Amino acid sequence: MRNNDTALMAHLLRRAGFGASRNELEEYIAMGYDGAVEALLNPSDPGNMPDDLIRRYHVEQSELRDLAGSAAYWMYRMISTSCPMEEKIALFWHGLFATGYAKLNQARSLLNQVDMFRRSGLGSFEDLLVELSKDPAMIVWLDNNENHGSAINENYGRELLELFSMGIGNYTEDDIKECSRAFTGWTLGNAEYMAVRAAKDSIWPYGRIAWHFDYRDEDHDAGEKTFLGETGKFNGEDIIAIIAKQESTARFVATRLFQFFAADEITEDGEKAIQEMIASYFSSGYQIRAMLRTLFHTDYFKSDEARFARVKGPVEMVVGAIRMSGNYQNPALGIEKVSDTMLYMGQGLLQPPTVEGWHEGSEWIDSGALVERVNFAARELSDVTSPGVRSIIDRLQAGADHGVLEPSDLADRCLDLLGPIEVSDETHSVLVQYANRHGSLDLNDHKPGDEAEQRVGNMLRLVAATREYQLA
Amino acid sequence: MTSNKRDKSLIVIQLSGGNDYLNTVVPYADGKYYDSRSKVNIPQNRVIPIDDQFGFNPSMGPVKSLWDEGKVAIVNGIGYENPNRSHFRSMDIWHTAEPNAIGKEGWLARAIRDIDPLGENVLTGINFGRGLPRALACPGVSVASVGDLETYGLFPDVQDEELRMFTLEAFSRMYGNVAGRDPIMDLMGRTGQDALQGADILRTAPGMYSSSVEYAPNSLAQNVKSISQVFHANLGARVLYTQHGPFDTHSGELATHAKLWDEVAGAIGCLMDDLKEHGTEEDATILVFSEFGRRIKDNGSGSDHGSGGVAFMIGGAVNGGMYGEYPSLSEAEQIEGDLRANNDFRSVYTEILEDWLELDAPSIVNGQFEKLGILQS
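Respectively, the protein sequence lines represent chains A and B. Heads up: the first sequence at position 259 corresponds to 391 in my numbering, and the numbers run straight through without jumps. Heads up: the second sequence at position 257 corresponds to 262 in my numbering, and the numbers run straight through without jumps.
Careful, some of the hints might be misleading.
[What the hints assert, rightly or not] Between beta-carbon pairs, the in silico distance windows are:
| id | chain 1 | residue 1 | chain 2 | residue 2 | range |
| --- | --- | --- | --- | --- | --- |
| 1 | A | GLU170 | B | LYS44 | 52 to 58 Å |
| 2 | A | ASP183 | B | ALA106 | 46 to 52 Å |
| 3 | B | GLY181 | A | ASP472 | 26 to 32 Å |
| 4 | A | GLU159 | B | GLY257 | 34 to 40 Å |
| 5 | B | ARG169 | A | ASN462 | 30 to 36 Å |
| 6 | B | GLU174 | A | LYS377 | 57 to 63 Å |
| 7 | A | GLU350 | B | ASN324 | 53 to 59 Å |
| 8 | B | GLU174 | A | ASP401 | 38 to 44 Å |
| 9 | B | SER216 | A | GLU159 | 53 to 59 Å |
| 10 | B | GLY284 | A | GLU324 | 55 to 61 Å |
| 11 | A | LYS309 | B | SER215 | 37 to 43 Å |
| 12 | A | LYS309 | B | GLY36 | 25 to 31 Å |
| 13 | B | PRO222 | A | MET181 | 43 to 49 Å |
| 14 | A | GLU350 | B | GLY257 | 19 to 25 Å |
Hints are computed from structural coordinates only; laboratory data are not their basis. What you are looking at is a predicted structure, and each value in this text was computed from that prediction instead of being measured. Beta carbons: idealized from backbone N, C-alpha and C, even for Gly.
Throw the hints in and build the complete structure from the sequences for me.
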């Protein structure tokens, strides 16, 4: 017997967030579906520990030029936020505008970029592309600081069209060159100073300084350009305005949003939802928030077809399991090891393999990654000392008849409280058999870590190891 | 030829991001090289000469030693017609051996399927590192992907051995039903089964290996060490794959490229020493490739995406030498400012498939390609 309100809200929170504990779900259910969509799409105070306190009390996350500390810091923000959509949209853009540490050697600049995604990621796509083009991490990542009026470097120009907006096949090699010319002079402000610092400091070659954007008119090619059939003395903003109004851009953005927020595969009904998102893109002035609002209200999104239709990405897998277990509510030592686990699953925060980002969907699943995924979630959710699992045990006891659960109830209630997760009949029968190993479970007078609690932990371990748990 | 009857294995080292051919095998006697590469060049006095025309990058000392022993084949001007300068598309082309259409099956995954059509050994193909390269991906073909060989396996944190076995058994049943109803569920089912089977076998590999060779602490060297451990454990691994990078040197190329090649050449040198120590030099061949070379003219501090590149085949069974002609740098011969590829990469694939893995090549590489005679017959 499925409670549809709970199941639908859990679905929304797996998409617009990282899944939710039952306590969190109940808060959203109280708002109603429409209210919950608006609350998620309009983030307010995320409620994390302020950065100055992190810097003072958690040194392992205050060295923000360092990759491990910075990835852990972002993960902490995802784990602790009360505005999950803000982090989810940042993760989406991080995958699409994939910028990596390997070349930058300056994680602070990546965290600044992520902050920009939090700030602007739900707004106008045109504004977002302008901000992206001025983002110091992106400028260095795709060499726009080497793109000069006298000699273009087409790396940024090419990827802006191929990977960040229209997609291959919608422009020519000449458009790439013209686009690159328009972005000449878009560079870093303190490049010369950084070069001096780099020469003096081999550990931190860019010195202990923040990068910032600078437009250099004298290095800009102000000549006439022809881009996608339009001619003028275009600067970067003009090129982005032309990109933003293309049908191919609308389709590209809608499709990528759909695949991240709805389903890996696009079915016929899914295609209709994409069409609605494209219409919202144009009618709202390219607003991402409007496209997602449209998506979350489609019949398709609310239907069974869209549920569990995505393979969880490693970050979703890890953050989701930790939000459920309730660990790391404050920055804590050891959290960097968790970031490493995401890397072994195939998705290291701040270190996408290439500018193309990650191959998602079924490509997350290979035997090495699956082992890492199962092991992580199973370990995290079987730990009966964690606050989230303790809360699950309390709910199990409260819902049990005189504190005693039959084996099939134990399996069903664990599936419910970790999701609700829907499983196949075959999976269900294995779970019930497993629960039956020691007969019915008496949770009266349970003590932290005692045998009764361990049995719950063992049950949760197996639920976390199901195929169904791998899906969002 | 050898008394050892083991099956031949292929070890692939992928250089991701587009390795700069011109600064790897340097045409140091050609003035056009220094004209085009006014900033991003290897000076004549730093090149490790191969002959009076070409020389290795100064970071490639260990490769030069192997060259002197006749164990290195340099495949010049490798690529395909109508070069694609997108990393992803070009890497896909190399991975799927499909230059003209979007291929779905990796060439090595097809090879693995032909070696082991019933999927009896889940360790026929193994990737070392994160994420499975598309070369090894194909529906229905299971390839192990190992991030860390030491801890590979399921539920390693469950101390109670009886509980662990009970949990593994439940896992096996939960992943056992592959009913063909849902492709993702089926994929996970097969992958889970294979992981279960492979894990217990793989975890034994490090214990079965001993060697005096010390690999460097960098990620490539450590992955290559894992390759050696698994190869020498005789688990039937025929394709062992890893990658290194990023070679996408648009800026600051000289320092980055030198460091990367230091790591690649070092890892290859260690692996060849290791094979020699174990008497298995004739049983493994190494293929080193990248998705494309880089533009002839530098951009001031690096080089942009180009076309024709270089591949290497290294091993005891390789006829050392230069294969094919180094593409001309003269403007008339260039293709949009790039080196014109004159060796189709599928020729090398064909030779590996037919003469090393003993498979039918045309069905895997989608056509007939003339072999270069790199492998000793």
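Outcome of the hint check:
| no. | hint | result |
| --- | --- | --- |
| 1 | A:GLU170 to B:LYS44: 52 to 58 Å | holds, 55 Å |
| 2 | A:ASP183 to B:ALA106: 46 to 52 Å | holds, 50 Å |
| 3 | B:GLY181 to A:ASP472: 26 to 32 Å | holds, 31 Å |
| 4 | A:GLU159 to B:GLY257: 34 to 40 Å | violated, 50 Å |
| 5 | B:ARG169 to A:ASN462: 30 to 36 Å | holds, 32 Å |
| 6 | B:GLU174 to A:LYS377: 57 to 63 Å | holds, 59 Å |
| 7 | A:GLU350 to B:ASN324: 53 to 59 Å | holds, 56 Å |
| 8 | B:GLU174 to A:ASP401: 38 to 44 Å | holds, 39 Å |
| 9 | B:SER216 to A:GLU159: 53 to 59 Å | holds, 58 Å |
| 10 | B:GLY284 to A:GLU324: 55 to 61 Å | holds, 57 Å |
| 11 | A:LYS309 to B:SER215: 37 to 43 Å | violated, 57 Å |
| 12 | A:LYS309 to B:GLY36: 25 to 31 Å | holds, 28 Å |
| 13 | B:PRO222 to A:MET181: 43 to 49 Å | violated, 35 Å |
| 14 | A:GLU350 to B:GLY257: 19 to 25 Å | holds, 24 Å |
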